[in-house]
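Number of protein chains: 2
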Amino acid sequence: MTFQLNKTLEKDSFLITELKLCQVRLIDNADFPWLLLIPRLSNLIEVTDLNDEEYDLLNSEIKIVAKALQHELTPDKLNIATIGNVVTQLHFHIIARYNNDKLFPKPVWGCEFTPYSFKASTQSIHRFKTVINQII
Amino acid sequence: MTFQLNKTLEKDSFLITELKLCQVRLIDNADFPWLLLIPRLSNLIEVTDLNDEEYDLLNSEIKIVAKALQHELTPDKLNIATIGNVVTQLHFHIIARYNNDKLFPKPVWGCEFTPYSFKASTQSIHRFKTVINQII
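Top to bottom, those sequences are chains A and B. Under the numbering used here, the residue at position 67 of the first sequence is numbered 67, and the numbers go up by one with no gaps. Under the numbering used here, the residue at position 135 of the second sequence is numbered 135, and the numbers go up by one with no gaps.
For the record, the hints were derived by calculation from the structure and aren't laboratory data. If a hint is listed, it holds; no wrong ones were tucked in.
PhoX-like mimics (lysine-lysine), calculated; alpha carbons at most 20 Å apart, straight line:
id : chain 1 : residue 1 : chain 2 : residue 2
1  : A       : 77        : A       : 106
2  : B       : 67        : B       : 20
3  : A       : 11        : A       : 119
4  : B       : 63        : A       : 63
5  : A       : 106       : B       : 106
6  : B       : 77        : B       : 106
Same shape as in the complex, but just chain A (with noise of 0.2 Å):
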């Protein structure tokens, strides 16, 4: 079976690059500088869903992202997740917060978004694809 992105993680990010497990896409939320890793695979829903391969792949690629938004960014403190209580397809959120951002000290699940304009969600894109590119 082919992997599909499921509608709802379609329908609020944007598509930055694909390495070579994951997607790695920008979710529309103008307010943080907020990154969805998504394995390319079919069916997945836990970590332990993963093989051992798959699964050393994916936590390097969350360490590419990461050391990305640090370098980019120099965020005050990484979250990191899997929660997928309500879209289920395996993806980890990889967030860069700061201590005067909108919700700091409160995680951002289930925050409103802040949708980016068309400029701006294309200049980050382009911003974390440029970075993440030159991380791996």
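Fit chain B to the given chain A structure using the hints.
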């Protein structure tokens, strides 16, 4: 420098066992089967502070604890996260969630804690220690 557990993490949880890298602890909240993994190394805040070997070991121990919760409790969903906006010492949450638990589908962070009775905490610690040791 030797490892020192953050005082808040210590106060809010019970030691279950020590793996090669991490302490495994039970959060003192009887509403959710909620475990912590804390690498026993000093001065860690982000996953990117770990070297490659330590990072691989952390991820293997996350998978062990995830499998233990699945094996023992058959949750509807696992929630796995490192947030650290309040307590910055690197720690991972691994939580077994059910469709009918107190907060589902909301995340649990920031919720009120319902402390275990002494008997219930002792039973849970023993239960999780036993299943983790079976899976290692």
